[in-house]
Amino acid sequence: MDKKEHIAIFTTASLPWLTGTAVNPLFRAVYLWKSEERDVTLVIPWLTLKDQGLVYPNNITFASPKEHEEYICQWVEERVGFSPGFSIRFYPGKFSIDKRSILAVGDISEIIPDEVADIAVLEEPEHLTWFHHGKRWKTKFRLVIGIIHTNYLEYVRRENNGILQAFLLKHLNNWVVGIYCHKASSYTLIKNSICIQFLFDRHAHVRAVLSNPFPSNLRLNDGSGRFLETKTETDMTWFRVDHTPPFVQGVIRLSAATQEYTESIICNVHGVNPRFLEIGEKKREQQQEGVKAFSKGAYFIGKMIWSKGYRELIHILQDHQQELSELEIDLFGSGEDSEEVQKAAEKLQMAVRVYPGCDHADPLFHDYKLFLNPSTTDVVCTTTAEALAMGKIVVCANHPSNEFFKRFSNCWTYDNSDEFVKLTLKALAEEPAQPTNAERRELSWEAATNRFLKAVGMDKPLDKRLSRNSSVFMAASLNLQQTVDEASAYVHHVASGFEVSRRFFGAIPHTLQPDEELRKELGLTNATTK
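Numbering of the sequence shown is given in the numbering used here, commencing with residue 1 and proceeding in unit increments.
Please keep in mind that the hints were generated in silico from the structure rather than gathered at the bench. Note that beta-carbon positions come from the ideal geometry of N, C-alpha and C, so glycine has one too. Hints are supplied without guarantee of correctness; some may be wrong.
Claimed, not checked - Pairs of lysine-lysine residues, derived as DSBU-like cross-links and limited to a Cα-Cα distance of at most 30 Å, are as follows:
{"id": "1", "residue 1": "LYS3", "residue 2": "LYS138"}
{"id": "2", "residue 1": "LYS138", "residue 2": "LYS183"}
{"id": "3", "residue 1": "LYS343", "residue 2": "LYS426"}
{"id": "4", "residue 1": "LYS406", "residue 2": "LYS183"}
{"id": "5", "residue 1": "LYS183", "residue 2": "LYS135"}
{"id": "6", "residue 1": "LYS3", "residue 2": "LYS282"}
{"id": "7", "residue 1": "LYS426", "residue 2": "LYS292"}
{"id": "8", "residue 1": "LYS347", "residue 2": "LYS296"}
{"id": "9", "residue 1": "LYS135", "residue 2": "LYS4"}
{"id": "10", "residue 1": "LYS520", "residue 2": "LYS66"}
As the list claims (entries may be wrong) - Here are the computed distance ranges between Cβ atoms for each label pair:
{"id": "11", "residue 1": "TRP75", "residue 2": "GLY53", "range": "26 to 34 Å"}
{"id": "12", "residue 1": "GLN288", "residue 2": "GLU446", "range": "17 to 25 Å"}
{"id": "13", "residue 1": "PRO113", "residue 2": "PHE498", "range": "37 to 45 Å"}
{"id": "14", "residue 1": "THR262", "residue 2": "TRP75", "range": "51 to 59 Å"}
{"id": "15", "residue 1": "VAL116", "residue 2": "ARG353", "range": "50 to 58 Å"}
{"id": "16", "residue 1": "LEU18", "residue 2": "ARG503", "range": "29 to 37 Å"}
{"id": "17", "residue 1": "GLU281", "residue 2": "GLN322", "range": "33 to 41 Å"}
{"id": "18", "residue 1": "ASN398", "residue 2": "SER488", "range": "35 to 43 Å"}
{"id": "19", "residue 1": "HIS510", "residue 2": "LEU49", "range": "14 to 22 Å"}
{"id": "20", "residue 1": "SER417", "residue 2": "GLU36", "range": "46 to 54 Å"}
{"id": "21", "residue 1": "LYS406", "residue 2": "ASP114", "range": "41 to 49 Å"}
With the hints as extra help, turn the sequences into a complete structure.
So this is what it looks like as structure tokens:
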């Protein structure tokens with residue numbers, strides 16, 4: 001039996017924290033494993049009890065990684081209806097209070113043994129590598145794919161000295177993503193015992209050839225069926241190699257709402273929890289039977305911090321209280337700004353009720369007809385996708401983060417507050433359209449997984465994709481582009497190895513290696529993650 005390809009998915013959060021970088025990578029692991037074509041490992045942060053208390057809701061904590069793993073597996077099985085067989089491994093992490101994020105401790109690439117280090121998927125690659133100090137990801141793995149989840153620049157711009165911070169962060173993100181993620185397709189050919197590495201642009205044109213020495217008489221195809229004999233490396237530029245492999249993309253942006261990265265592509269590779277599609281199917285059946293499917297009005301759900309759309313929503317409601325005087329809207333969320341949002345809602349001369357956060361799949365939400373989402377800090381809003389899956393009308397901003405949703409009949413976008421009011425009143429007076437089977441399919445994790453596989457060239461047979469670097473290839477990489485890349489990685493490695501420079505750039509103190517508590521809980525025998 002042929003050896004299966006191994007995919008390791010590294011992410012920055014884990015259940016029971018119901019944030020996008022905990023839920024979406026988990027479902028990605030489930031559906032990549034479900035195809036039975038590859039082995040999958042989900043690599044998630046382990047936190048000490050103290051940090052768990054700061055992050056996880058409802059006082060949920062875990063005494064051991066095994067207990068945490070059992071919780072995750074049960075949660076998944078309840079939602080997908082089967083018991084997935086992918087592996088879960090933990091890396092040491094610490095919670096940063098000021099960043100409200102979990103940061104990795106030590107070299108987390110070592111969690112995956114070298115013999116199965118085929119493909120790494122870095123969910124939030126910038127976040128995972130800001131302070132990485134250890135083996136270079138592109139040396140460890142044959143292919144490193146980065147999925148950009150978060151619009152960090154938008155959040156930073158809202159802080160003190162935001163413009164300067166955003167400028168610096170933009171360049172830092174570009175730097176680390178460029179160092180640690182693959183950007184272009186490549187193909188390794190062994191010819192007369194010489195290892196030749198071809199790099200392609202997205203049109204499958206050769207953009208670089210790395211070989212020492214360069215072989216003569218290599219057959220190239222210019223795309224019209226003609227084959228050309230070449231004697232020098234420069235002769236190969238802009239011609240196709242015979243049996244060109246599929247384009248392999250290393251950096252995926254979920255939408256254009258993120259910062260731009262060199263040679264990245266935009267593709268929404270997320271789906272929705274199957275439970276939301278089940279709810280939507282029941283609502284569609286009620287509509288087909290002539291039963292009133294939606295008996296409630298408007299609502300909004302999201303982490304209750306001003307930057308998650310609450311500021312925009314309160315301002316619109318405040319400016320249009322007269323036109324929206326009959327609107328009743330319920331807000332659901334928990335977060336640092338809950339008190340302030342509550343006070344602002346109470347000042348409005350209209351019915352705005354504020355409730356604690358709740359699972360969006362809870363029956364409480366099934367009968368709402370209209371989901372209002374004015375947020376412009378999301379990259380792809382999970383709750384918008386969930387609301388559409390449940391058959392609701394969604395009124396949201398005409399913004400790059402919502403581009404994927406514009407194809408759905410129940411997604412209505414606005415350009416200004418007047419249009420928001422017009423669409424809201426129209427939605428309250430009408431019933432949602434019945435989602436088509438094609439629309440429901442587009443929201444599923446099956447479709448999202450297919451988009452992911454196609455985007456990164458993994459929908460083709462294994463032998464046509466990347467080969468692991470060899471010593472010959474490393475010797476051949478002394479061209480200008482590769483030399484700069486290696487030098488840049490070396491600079492980051494050195495800078496991330498000193499406590500002073502790490503803290504200057506925002507690392508949690510003393511996180512170069514796991515402390516004694518983390519090593520003990522994860523069963524690590526020394527200061528390195530193994």
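Okay, the hints, checked on the actual structure:
1. LYS3 x LYS138: 21 Å, holds
2. LYS138 x LYS183: The hint holds at about 11 Å.
3. LYS343 x LYS426: 28 Å, holds
4. LYS406 x LYS183: Distance of about 29 Å is within 30 Å: holds.
5. LYS183 x LYS135: 19 Å, holds
6. LYS3 x LYS282: Not OK: LYS3 and LYS282 at ~42 Å, beyond 30 Å, violated.
7. LYS426 x LYS292: Holds - the C-alpha atoms of LYS292 and LYS426 are around 18 Å apart, at most 30 Å.
8. LYS347 x LYS296: 23 Å, holds
9. LYS135 x LYS4: 24 Å, holds
10. LYS520 x LYS66: Roughly 14 Å between the alpha carbons, so the hint for LYS520 and LYS66 holds.
11. TRP75 x GLY53: 26 to 34 Å: Roughly 20 Å apart at Cβ, these two residues miss the hinted range, so it is violated.
12. GLN288 x GLU446: 17 to 25 Å: 24 Å, holds
13. PRO113 x PHE498: 37 to 45 Å: 29 Å, violated
14. THR262 x TRP75: 51 to 59 Å: This hint is violated: roughly 37 Å between Cβ atoms.
15. VAL116 x ARG353: 50 to 58 Å: 51 Å, holds
16. LEU18 x ARG503: 29 to 37 Å: 31 Å, holds
17. GLU281 x GLN322: 33 to 41 Å: At 39 Å between Cβs, range holds.
18. ASN398 x SER488: 35 to 43 Å: 38 Å, holds
19. HIS510 x LEU49: 14 to 22 Å: 18 Å, holds
20. SER417 x GLU36: 46 to 54 Å: 50 Å, holds
21. LYS406 x ASP114: 41 to 49 Å: 44 Å, holds
Comparing the model with each earlier hint shows violations of hints 6, 11, 13 and 14; every other hint is respected.
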